[in-house]
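S.K.: Listed below are the residues making up each chain.
2 protein chains.
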Amino acid sequence: MKIESRVQTQFLSAETIAQLVNTLGVATCLRGVADYLHADYLRWEAFDKCARIASHSADGVIELMPISDSAHYAFKYVNGHPKNTTLGLPTVMAFGVLARVNTGAPELLSELTLTTAIRTAAMSALAARTLARPASRTMALIGNGAQSEFQALAFHHLLGIEEIRLFDIDSTAMAKLVRNLAHTDLRLRLCESVREAVRGADIVTTVTADKTSARIIMPDMLEPGMHINGVGGDCPGKTEMHPGVLNGASVFVEYEPQTRIEGDVQQMPIDFPVTELWRVLAGKAAGRTDDRQVTLFDSVGFALEDYSALRYMRDSARALGLGQPISLIPDVANPKDLFNLIRPAPARKESAAQQPTMNRAA
Amino acid sequence: MKIESRVQTQFLSAETIAQLVNTLGVATCLRGVADYLHADYLRWEAFDKCARIASHSADGVIELMPISDSAHYAFKYVNGHPKNTTLGLPTVMAFGVLARVNTGAPELLSELTLTTAIRTAAMSALAARTLARPASRTMALIGNGAQSEFQALAFHHLLGIEEIRLFDIDSTAMAKLVRNLAHTDLRLRLCESVREAVRGADIVTTVTADKTSARIIMPDMLEPGMHINGVGGDCPGKTEMHPGVLNGASVFVEYEPQTRIEGDVQQMPIDFPVTELWRVLAGKAAGRTDDRQVTLFDSVGFALEDYSALRYMRDSARALGLGQPISLIPDVANPKDLFNLIRPAPARKESAAQQPTMNRAA
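Those protein sequence lines, which keep their order, are chains A and B.
Positions 1037 to 1398 (this note's numbering) are the ones given, in order, by the first sequence.
Positions 1037 to 1398 (this note's numbering) are the ones given, in order, by the second sequence.
No lab work stands behind these hints: they were computed from the structure.
Since this is a predicted model, take the numbers as computed values, not measurements.
The beta carbon of each residue, even a glycine, is placed where N, CA and C say it ideally should be.
It is possible that some hints are incorrect.
Covered, in the sense of this in silico footprint (three residues per stretch, anywhere, with C-beta under 8 Å from a C-beta of chain B), are these stretches of chain A [what the hints assert, rightly or not]: (1) 1097-1109; (2) 1124-1131; (3) 1137-1145.
Reference listing, derived: stretches of chain A covered by chain B, where coverage requires no fewer than 3 residues with Cβ under 8 Å from a Cβ of chain B [stated by the list, open to error]: (4) 1079-1093; (5) 1354-1368; (6) 1372-1378.
Interface residues of chain B toward chain A, partial, derived using beta-carbon atoms under 8 Å [what the hints assert, rightly or not]: (7) Leu1123; (8) Met1129; (9) Ala1141; (10) Gly1181.
Work the whole structure out from these sequences, hints included.
M.R.: The structure is reproduced here in structure tokens:
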């Protein structure tokens, strides 16, 4: 049976997004997503926001991240299962939908696993562009897993980072990162400890996967003027910073109600001072105030960023003629007649013999 | 680029589900879903439950409905936009996902527009099987829109309802229902008012779409022994019952925290007595206690029902060999190497010339 869908849902598969990124180049995508993020963060007050809805289990977490403005509703499904790599599965897998607020019709279904890596890196770079010292050229990159190359390239292309100091407890992850960035202009320095990688770095990015209350960055590693981009502490019970690091820094967050639960600041008292990044971007709050200040972006990933990323991928796919329609919503000639979809074929041709017993009630 | 996905997500499109229901027959599907619902409601305490997350706008609502047990996580996306029919779109559109809790991998993506109509009707019949008088043979059906035929058939096949008394303010909706049920053994009586339809009915089903504080059923319409199946009052500001109807009945609900917000009981004080249906099904609470009692199922639709419906459709599709794989999650040979998906082709062949500047830090 052929159903012509009136609700046109466009599907961007994992293959399509990989093709899209390969066609445009990862630098273009990182810059494009950062521009969309910036534009949407400046519209912060136009969004209906909530902390994401998390379902925790022994092995990980599954989350739904909805957000909307007056035109579009977006949500992302995303998991976080640190032990997945032992099963050959990614730690983080995601997909999402963009829908129209006025009708509820889903207009886009997209993979968001690759896209999340790009949007997280673009967001990190956007925050650092505001918070790090402009002359930053060296970045420590702690955790060299699935998201690390994207972080390295975002800071290279958007901030002018020239040298990356790598460290991961898994040396094969470090080797993989080096292999993957072989074609770039980045200088890659392999380090033997977090401390060694962090020493002298202008920016420190932590993007580790273990779901533990880790203390990867210690207070005595802080150096004047350093910017810390904390990406991996993003879930209750999953942190990367010693509390002293937070106490020694000016802390910036995406959406305070969510970050208080999920970010590294989960370790701190509820009145620990944080500044929402959108206020800095909008000129409503100070970012970095001097060259010796330590700044820290306690990134957890906010639904607005997926809204931006979905819009970027939709627009880019349209421009490139990529994607395909998917029959997610049935088409019915009469929207009050859903049953028509499954009415047995003979009954479609009405005849007197098939009329039901029918009486006008007296 | 061919990516062989290790995360096998199966897709059941709107066309596939229509084909599935046509192949099995709607009666079989209603019975099957009711059996799955019953089995899952008996496992009530095994589920991690929450009220659905609603995003309200001027024209309607978009909701996410997550739930999980130790093995599976399910969620549904569903909207409710009463004015959609004027645009040729369904009032309610839905899709959903079934994922594995231990890895977060989405194993099924399915349309849920048609499926929601089936699961809602099956749920109504399951509740009525427990709450209505066993000898019930006549049902009033107020609201003859997209879901009405499914309600009629569920009560016909699962409860033995023989006569349906129809009323809708839109006479073309009534005519459509009559046309669609022409092939069944149901006696259909067209009525000119709610009052006329309800008079003498054993069961009263309300499934209207207007988002208003309606008072479709009035206290003086109640008759001893009547069971009311209230389906349409399912959103803040959207009700169908006069408060006196609730006061005159024993009220049963799906999940109390959600129904207090969304159901017809939103009109009542917070201590208005309600009984969760699972307790009746499990023998932990009384359902109907005598033949003169008025019972009311204040149905709003709960995530558990979509979990059951997704499982039923998954199992039935497997048995019939329906559905197709969809590339929702990228496959990567090494799960820590997401970047491999977009590494420019030349860099895949490593050569000495492409090695980056690399130094062991001193």
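S.K.: When I compare C-beta atoms, does the stretch 1137-1145 of chain A have three or more residues closer than 8 Å to chain B?
M.R.: holds (count 6)
S.K.: Between the stretch 1124-1131 of chain A and chain B, see if three or more residues pass the 8 Å beta-carbon test, and mark the coverage as holds or violated.
M.R.: holds (count 6)
S.K.: Using the nearest Cβ pair, does Gly1181 of chain B come within less than 8 Å of chain A?
M.R.: Nearest chain A Cβ about 5 Å off; hint holds.
S.K.: Regarding the hint that Met1129 of chain B lies at the interface with chain A, is the smallest CB-CB distance below 8 Å?
M.R.: Cβ of Met1129 of chain B sits 5 Å from chain A, so the hint holds.
S.K.: Taking 8 Å as the C-beta cutoff, is the stated coverage of the stretch 1097-1109 of chain A by chain B satisfied by three or more residues?
M.R.: Result for this restraint: holds, n = 7.
S.K.: Would you settle whether the hint for Ala1141 of chain B is holds or violated, based on the nearest Cβ-Cβ distance to chain A being less than 8 Å?
M.R.: holds, 6 Å
S.K.: Count the residues of the stretch 1079-1093 of chain A whose Cβ falls closer than 8 Å to any Cβ of chain B, and tell me whether that reaches three.
M.R.: Holds: 5 residues of the stretch 1079-1093 of chain A have a Cβ under 8 Å from chain B.
S.K.: Hint Leu1123 of chain B vs chain A: min CB-CB distance below 8 Å?
M.R.: Holds: closest Cβ of chain A sits about 6 Å from Leu1123 of chain B, inside 8 Å.
S.K.: Check, residue by residue, whether the stretch 1372-1378 of chain A contains three or more positions whose beta-carbon lies closer than 8 Å to a beta-carbon of chain B, and give the verdict.
M.R.: Coverage by chain B holds for the stretch 1372-1378 of chain A (7 residues, Cβ < 8 Å).
S.K.: Do three or more residues from the stretch 1354-1368 of chain A put their C-beta atoms closer than 8 Å to C-beta atoms of chain B?
M.R.: holds (count 7)
Every hint, counting from the list given before, is met by this structure.
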